[in-house]
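**Q** Given the coordinates of chain A, work out where chain B should sit on it, guided by the hints.
Residue-level listing of the chains:
Protein chains: 2
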Amino acid sequence: MIGLRALATGDALPQVKPEVMRMYNMRFCPFAQRTRMVLLYKEIPHEVVNVNLRRKPKWLFERNPFGLVPVLEYNNEIVYESSICDDYLDELYVERPLYPKDPHRKAHCRVVMAKYDKMVPSFYKLIKPDENLRLQAKETISEEMKSLEIELGDGAFFGGPQPNMIDFHVYPWFERLTALKSIVEFDILQENNLHRLQLWQKRIEKLTCVKETMQPKEWHLEFFIGLANKNPQYDIGLPQSKV
Amino acid sequence: MIGLRALATGDALPQVKPEVMRMYNMRFCPFAQRTRMVLLYKEIPHEVVNVNLRRKPKWLFERNPFGLVPVLEYNNEIVYESSICDDYLDELYVERPLYPKDPHRKAHCRVVMAKYDKMVPSFYKLIKPDENLRLQAKETISEEMKSLEIELGDGAFFGGPQPNMIDFHVYPWFERLTALKSIVEFDILQENNLHRLQLWQKRIEKLTCVKETMQPKEWHLEFFIGLANKNPQYDIGLPQSKV
Chain A
1 MIGLRALATG DALPQVKPEV MRMYNMRFCP FAQRTRMVLL YKEIPHEVVN VNLRRKPKWL
61 FERNPFGLVP VLEYNNEIVY ESSICDDYLD ELYVERPLYP KDPHRKAHCR VVMAKYDKMV
121 PSFYKLIKPD ENLRLQAKET ISEEMKSLEI ELGDGAFFGG PQPNMIDFHV YPWFERLTAL
181 KSIVEFDILQ ENNLHRLQLW QKRIEKLTCV KETMQPKEWH LEFFIGLANK NPQYDIGLPQ
241 SKV
Chain B
1001 MIGLRALATG DALPQVKPEV MRMYNMRFCP FAQRTRMVLL YKEIPHEVVN VNLRRKPKWL
1061 FERNPFGLVP VLEYNNEIVY ESSICDDYLD ELYVERPLYP KDPHRKAHCR VVMAKYDKMV
1121 PSFYKLIKPD ENLRLQAKET ISEEMKSLEI ELGDGAFFGG PQPNMIDFHV YPWFERLTAL
1181 KSIVEFDILQ ENNLHRLQLW QKRIEKLTCV KETMQPKEWH LEFFIGLANK NPQYDIGLPQ
1241 SKV
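So the sequence lines, in the order shown, correspond to chains A and B.
Residue 105 in my numbering sits at position 105 of the first sequence, and the numbers go up by one each step.
Residue 1066 in my numbering sits at position 66 of the second sequence, and the numbers go up by one each step.
Bound-form chain A, shown alone (with noise of 0.2 Å):
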């Protein structure tokens, strides 16, 4: 993996090889995380490039005019938004398909996804100052929960034995929610007696491609006081000699 440092403004573009698959990422980013676990999950050969989200490089923009995570690169094509990427790299890819063949059922993955994309704001809501803001959040969250746990039925995952796009796009969510316990003082999953999202999420931590994507508790905690005083750090937790 090169550029393990997030690179800033002034930083120059790491030499672009057009035949490997180049992912730009920022390692605290739920979005991007999205994609490096399909990546992963695909076993599709790659390497990542972490960048400043507060201090841009110009290239970042080169590439995403909205200058945002992830963006893939590969063959002199450039893709971004996380589900774009995602599906690109599902249709690339072949082996392990994440999604059903039949257009009903991978519409219905589709819509699921959308549907949990519409509750995220809250998600950042749930550090906000303000307590109202913060309980309204936690209604919203705790509804759209309640309504995957009855998407995930008795399923291991959301695509039955094995995972499907479902699964990689609500995840990182999950692990920040764990991370934010201890400062939020509710466990939204407990609370409401979601036992099988609290099992599933178990489940799915075990994966490679998940345990290679997780950052520890103390690191995102840190990273979301960071985000909260507008001083986000990029490098937590990386041994000084690869900053």
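These aren't lab readings, by the way, just hints derived from the structure by calculation.
Quantities reported herein were computed from a predicted structural model and do not represent experimental measurements.
Hints may be right or wrong, so weigh each one.
Claimed, not checked - Cut-off 30 Å, straight-line C-alpha distance, at most; resulting in silico cross-link-like pairs (DSBU-like, lysine-lysine):
no.: 1; chain 1: A; residue 1: Lys56; chain 2: B; residue 2: Lys1115
no.: 2; chain 1: A; residue 1: Lys128; chain 2: B; residue 2: Lys1146
no.: 3; chain 1: B; residue 1: Lys1115; chain 2: B; residue 2: Lys1211
no.: 4; chain 1: B; residue 1: Lys1115; chain 2: A; residue 2: Lys230
no.: 5; chain 1: B; residue 1: Lys1138; chain 2: A; residue 2: Lys58
no.: 6; chain 1: B; residue 1: Lys1101; chain 2: B; residue 2: Lys1202
no.: 7; chain 1: B; residue 1: Lys1211; chain 2: B; residue 2: Lys1128
no.: 8; chain 1: A; residue 1: Lys128; chain 2: B; residue 2: Lys1211
no.: 9; chain 1: A; residue 1: Lys101; chain 2: B; residue 2: Lys1101
no.: 10; chain 1: A; residue 1: Lys42; chain 2: B; residue 2: Lys1101
no.: 11; chain 1: A; residue 1: Lys118; chain 2: B; residue 2: Lys1128
no.: 12; chain 1: B; residue 1: Lys1017; chain 2: A; residue 2: Lys115
no.: 13; chain 1: A; residue 1: Lys115; chain 2: B; residue 2: Lys1115
no.: 14; chain 1: A; residue 1: Lys118; chain 2: B; residue 2: Lys1181
no.: 15; chain 1: B; residue 1: Lys1058; chain 2: A; residue 2: Lys146
no.: 16; chain 1: A; residue 1: Lys125; chain 2: B; residue 2: Lys1128
no.: 17; chain 1: B; residue 1: Lys1042; chain 2: A; residue 2: Lys115
no.: 18; chain 1: B; residue 1: Lys1056; chain 2: A; residue 2: Lys115
no.: 19; chain 1: B; residue 1: Lys1125; chain 2: A; residue 2: Lys101
no.: 20; chain 1: A; residue 1: Lys42; chain 2: B; residue 2: Lys1115
no.: 21; chain 1: B; residue 1: Lys1118; chain 2: A; residue 2: Lys138
no.: 22; chain 1: B; residue 1: Lys1125; chain 2: A; residue 2: Lys56
no.: 23; chain 1: B; residue 1: Lys1115; chain 2: A; residue 2: Lys125
no.: 24; chain 1: B; residue 1: Lys1118; chain 2: A; residue 2: Lys58
no.: 25; chain 1: A; residue 1: Lys58; chain 2: B; residue 2: Lys1017
**A** Only chain B this time, still in chain A's reference frame:
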């Protein structure tokens, strides 16, 4: 077509025939227009149920918890969100495909559409009372339109000789820009010398699937004025006998 009049709170749900593709629609909704064009372009037999989005029927929320259109109902499956509906129809009815087969080129189409969608909120600022807001919106839309003109290149359509998903995805706002010309007092395509897009608009408006979804300029204007006054009318232009 059943239910020309927009059905509102208290109106009964027209009897569902699972084997008939049904689309829940609002006649002036640009997102729903996308899906109607795809249905017509691919010659998919279907029926349309128009809904009143100020006084929404309970059965709309039972289909889409966000109470928005388009919603598709077919074979006891529900699909919502315009992009998901359109992709679903494209996969279910494989004739006249709306994406390139190559995953790189398909992902490129989806990136173009995602970028365009970020301009959409600016479109609704064109009719705000605040002049600075209007000027900013005009600037944002102009930039996006310049980028689309480059994307179109020398093609008859974004898909080349035949339309693809980009054509149907972006068209509804062109129809509305034309309708708004008289009140916003500018012509974004003309002012920016976007001649290829002007020709493209004339060309796409000759397609049957587009003609059948178009509304006269006067009806669009009446709808926008209603929207600005928080009292949109959903049955503009319908013959009295059918209302």
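**Q** Given the hinted pair B:Lys1115 and A:Lys230, is their alpha-carbon gap at most 30 Å?
**A** Distance of about 27 Å is within 30 Å: holds.
**Q** For a C-alpha distance cap of 30 Å, please report whether A:Lys42 and B:Lys1115 respect it.
**A** 27 Å, holds
**Q** What's the verdict on A:Lys101 and B:Lys1101, does the C-alpha distance respect the 30 Å limit or exceed it?
**A** Holds, because 16 Å separates the two Cα atoms, which is no more than 30 Å.
**Q** For the pair supplied as a hint, B:Lys1056 and A:Lys115, is the alpha-carbon distance within the 30 Å limit?
**A** With Cα atoms ~19 Å apart, B:Lys1056 and A:Lys115 stay inside 30 Å; holds.
**Q** Take the C-alpha atoms of B:Lys1058 and A:Lys146, compute the straight-line distance between them, and say whether it is at most 30 Å.
**A** 21 Å, holds
**Q** Could you grab the alpha-carbon distance between B:Lys1125 and A:Lys56 and see if it respects the 30 Å cut-off?
**A** 29 Å, holds
**Q** Would the hint linking B:Lys1125 and A:Lys101 be met if the CA-CA limit is 30 Å?
**A** Roughly 41 Å between the alpha carbons, so the hint for B:Lys1125 and A:Lys101 is violated.
**Q** Given the proposed pairing of A:Lys56 with B:Lys1115, does the C-alpha separation stay at or below 30 Å?
**A** Judged against 30 Å, a Cα distance of about 19 Å means the pair holds.
**Q** Tell me if the straight-line CA distance from B:Lys1042 to A:Lys115 falls inside 30 Å.
**A** 27 Å, holds
**Q** Given the hinted pair B:Lys1115 and B:Lys1211, is their alpha-carbon gap at most 30 Å?
**A** Cα-Cα ~26 Å, so holds.
**Q** Would the pair A:Lys118 and B:Lys1181 pass a check requiring their Cα atoms to be no farther apart than 30 Å?
**A** Not satisfied, since the Cα-Cα distance of roughly 33 Å exceeds 30 Å.
**Q** Between B:Lys1118 and A:Lys58, is the straight-line Cα distance small enough, at 30 Å or below?
**A** 21 Å, holds
Of the numbered hints listed earlier, those contradicted by the structure are 2, 8, 14, 19, 25.
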